[in-house]
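**Q** Residue strings, one per chain:
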Amino acid sequence: MIATAYAIPDVLVFLTSALLILVGAVGVLATRNPVHSALSLILALFGVAVAFIAQSADFLAAVQIIVYAGAIVVLFLFVIMFLGVDRRETVRVEPLVGQRVFAGVGVLITVAGLITLFARSHWVTGAIAVSSSGQPLATGSKNVTQLGTAVFTTYLFAFEATAALLIVAVVGAVLLARRERSVDAEGSQS
Amino acid sequence: MTSWLATVDPLFAHGVTWAVLIIVIVKVFIGFAALMGAVTVMIWFERKAISDMQSRIGPQRWGPFGLFQTLADGLKLFFKEDLLPAEADRFVFKLAPYLVVVPALITFSIVPIGGTVDIAGHPVMLQVANPPIGILLMLAMSGISVYGVILAGWSSGSKYPLMSAVRASAQMISYEAALGMTIVTVVLATGSLSTHDIVAAQSHGVWHWNLIRLGIVPFVVFLIAITAELNRPPFDVVEAETELVGGFHTEYSSFRFAQFFLAEFMNTITMSAIIVTLFLGGPAGWVPNIPHVRWVFPILWFLVKTIGFAFAYVWFRAALPRLRYDQLMNLGWKRLIPLSLGWMLIVAGFLIRPSWGFLMAALVILAWTVLTRAFALGQGREESADSILPPVGERPLPGRVLRAWTDREKD
Numbered sequence: 001m002i003a004t005a006y007a008i009p010d011v012l013v014f015l016t017s018a019l020l021i022l023v024g025a026v027g028v029l030a031t032r033n034p035v036h037s038a039l040s041l042i043l044a045l046f047g048v049a050v051a052f053i054a055q056s057a058d059f060l061a062a063v064q065i066i067v068y069a070g071a072i073v074v075l076f077l078f079v080i081m082f083l084g085v086d087r088r089e090t091v092r093v094e095p096l097v098g099q100r101v102f103a104g105v106g107v108l109i110t111v112a113g114l115i116t117l118f119a120r121s122h123w124v125t126g127a128i129a130v131s132s133s134g135q136p137l138a139t140g141s142k143n144v145t146q147l148g149t150a151v152f153t154t155y156l157f158a159f160e161a162t163a164a165l166l167i168v169a170v171v172g173a174v175l176l177a178r179r180e181r182s183v184d185a186e187g188s189q190s
Numbered sequence: 001m002t003s004w005l006a007t008v009d010p011l012f013a014h015g016v017t018w019a020v021l022i023i024v025i026v027k028v029f030i031g032f033a034a035l036m037g038a039v040t041v042m043i044w045f046e047r048k049a050i051s052d053m054q055s056r057i058g059p060q061r062w063g064p065f066g067l068f069q070t071l072a073d074g075l076k077l078f079f080k081e082d083l084l085p086a087e088a089d090r091f092v093f094k095l096a097p098y099l100v101v102v103p104a105l106i107t108f109s110i111v112p113i114g115g116t117v118d119i120a121g122h123p124v125m126l127q128v129a130n131p132p133i134g135i136l137l138m139l140a141m142s143g144i145s146v147y148g149v150i151l152a153g154w155s156s157g158s159k160y161p162l163m164s165a166v167r168a169s170a171q172m173i174s175y176e177a178a179l180g181m182t183i184v185t186v187v188l189a190t191g192s193l194s195t196h197d198i199v200a201a202q203s204h205g206v207w208h209w210n211l212i213r214l215g216i217v218p219f220v221v222f223l224i225a226i227t228a229e230l231n232r233p234p235f236d237v238v239e240a241e242t243e244l245v246g247g248f249h250t251e252y253s254s255f256r257f258a259q260f261f262l263a264e265f266m267n268t269i270t271m272s273a274i275i276v277t278l279f280l281g282g283p284a285g286w287v288p289n290i291p292h293v294r295w296v297f298p299i300l301w302f303l304v305k306t307i308g309f310a311f312a313y314v315w316f317r318a319a320l321p322r323l324r325y326d327q328l329m330n331l332g333w334k335r336l337i338p339l340s341l342g343w344m345l346i347v348a349g350f351l352i353r354p355s356w357g358f359l360m361a362a363l364v365i366l367a368w369t370v371l372t373r374a375f376a377l378g379q380g381r382e383e384s385a386d387s388i389l390p391p392v393g394e395r396p397l398p399g400r401v402l403r404a405w406t407d408r409e410k411d
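From first to last, the protein sequence lines stand for chains H and S. Residue 38 in my numbering sits at position 38 of the first sequence, and the numbers go up by one each step. Residue 365 in my numbering sits at position 365 of the second sequence, and the numbers go up by one each step.
These aren't lab readings, by the way, just hints derived from the structure by calculation. From the three backbone atoms N, C-alpha and C, an ideal C-beta is built for every residue, glycine too. Watch out, some of these pointers could steer you wrong.
Unchecked claim - Now the in silico label distances, taken between C-beta atoms and shown as ranges:
(1) T369/S with R178/H: 19 to 29 angstroms
(2) G98/H with V16/S: 53 to 63 angstroms
(3) V111/H with Q327/S: 44 to 54 angstroms
(4) N33/H with K80/S: 28 to 38 angstroms
(5) L15/H with V16/S: 12 to 22 angstroms
(6) L96/H with S355/S: 22 to 32 angstroms
(7) A119/H with V16/S: 37 to 47 angstroms
(8) T369/S with V111/H: 49 to 59 angstroms
(9) D118/S with A119/H: 46 to 56 angstroms
(10) L12/H with F78/S: 33 to 43 angstroms
(11) V16/S with Q99/H: 46 to 56 angstroms
(12) W286/S with V23/H: 45 to 55 angstroms
If we strip away everything but chain H, and leave its shape as in the complex, we get (with noise of 0.2 angstroms):
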């Protein structure tokens, strides 16, 4: 299952990647200022795409840093910059009631679900490539024209329901956050 030898450039370049991204998270978390915390998870999004790049997924890296690191984490700072909640905060309140613990709970569910699908599933254990069978996908053609055949047939209905979801969550946004003036201020102000 494991391979025999590693070639010592791909242990340097997984060692670099999970440098980056475990000092990334530690900084999210370690950081109080929320602009050092999204620099921090920045660096762990490069981590994850350097990581990416090592098991010749170049489509999923280049999707990670544009879209993740590209326009997702620059919407936070965008938040944090305007609304000026870039200063210290104070962890001693909790605004919702027993919040703790259910943030407990919810790490209890999330890592024991990890466990499972760890010890269910062997394509974590050092596997090549990620792929249903262990086995790498089919070389020779690029990986980006097998990953877009497998997106738009196999899993076609997933990726139109995951785009309709999203559509629904943007025209949900645009909904809330549009201020409806009422019909008398307008009437007073002509």
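Starting from the known structure of chain H, arrange chain S on it as the hints suggest.
**A** Then chain S, alone, in the frame of chain H:
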């Protein structure tokens, strides 16, 4: 590993040997030096061309035609005092310039500046790298350079840079959508993400250039979106001097300011080169049959086309007035994104079969009509509500607003 690399670049067909490694390192150095040299010339060129258009003389003291002015300015910036504002976030303030410069350098690495030449028996592509994700690297890097601008503005701990940072984040993300959509159109027609393949697909003559093959629309949308992405005039609300002092780099001085300046001009050159790659066939062009120097002509063609676009950017700056911020957002979200999306669908339809293409065109026209109606409705609402400020001339004066409030209180 080796076989996978060989599909990307023929240089690695026989594994990674020392000779291959040296060739790669030399390519990186040449790419770096070429970009740096080009930046120096570009800054001089922009100042000289602008001053010609404005009936001024421009730089003329250092070197013939003022050619060494950029070097003199660079030296001056190196020896200036490096200021750190008291309110600044020290780490981020120092980090931000690098977040702008490094992506600018990396983006240039995917630009093919010529064909493939043989060096000591190794086939060498005249581009620093040809990653399988190709053009996506450019999108990723432009996503990273947004951070440079945002963080520079935020970490300065000053009012105007912060406003500039907020503007920058909104503007660059908005235009990235239209940018991505036009790139998808090009990729659809090519069937590959790699810049080498994109250029190869256009190498059979002018009629195969994506500029003509995809219709003019994606090219125009890309040109507008990339200008906005670069924060160059007429989209430079991020560093609008009359509103925001100097924008996000107001508090920067010395070498750090030079880095921002450098990155801006590097990006201008790189994006001219990317436009040439995506839409004008890159190094494609007429090559005379002269032995031994045939490889020079693609490079010359590439240079000619790129300089053309670099000049176009300078011309934009001289000729076009800056857009207002809401006009900028309207153009991005209400015009460019629907247009590029619709055009992408039409191109995708024609790629399958002409009948599908016409069906798609009909649907897009229908959608466009609905969208126009929706915009008209929304416009009517916005004008009646006072949530958005009307243009300055029509804005009620504070006294009138106050009187309207007090009158209502009486009723």
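**Q** Determine for every hint whether it applies to the structure shown.
**A** How the hints compare with the structure:
With their beta carbons about 23 angstroms apart, T369/S and R178/H fall inside the hinted range of 19 to 29 angstroms. Our hint of 53 to 63 angstroms for G98/H and V16/S holds, since their Cβ atoms are close to 58 angstroms apart. Separation of V111/H from Q327/S is about 51 angstroms and conforms to the stated range, judged on CB atoms against 44 to 54 angstroms. A hinted range of 28 to 38 angstroms for the beta carbons of N33/H and K80/S is consistent with their spacing of about 29 angstroms.
Between L15/H and V16/S the beta carbon distance is about 20 angstroms. The supplied range of 12 to 22 angstroms therefore holds. For L96/H and S355/S, the Cβ-Cβ distance of about 57 angstroms falls outside the hinted range of 22 to 32 angstroms, so the restraint is violated. Between A119/H and V16/S the CB atoms are about 39 angstroms apart, so this pair conforms to the stated range of 37 to 47 angstroms. Our hint of 49 to 59 angstroms for T369/S and V111/H holds, since their Cβ atoms are close to 53 angstroms apart.
The hinted window of 46 to 56 angstroms between D118/S and A119/H holds, with their beta carbons roughly 54 angstroms apart. Between L12/H and F78/S the Cβ separation comes to about 35 angstroms, which falls inside the hinted range of 33 to 43 angstroms. The hinted range of 46 to 56 angstroms is satisfied by V16/S and Q99/H, whose Cβ atoms lie roughly 53 angstroms apart. At about 53 angstroms, the CB distance of W286/S to V23/H agrees with the hint of 45 to 55 angstroms.
In summary, the structure is inconsistent with hint 6 from the numbered list given earlier, while agreeing with all the others.
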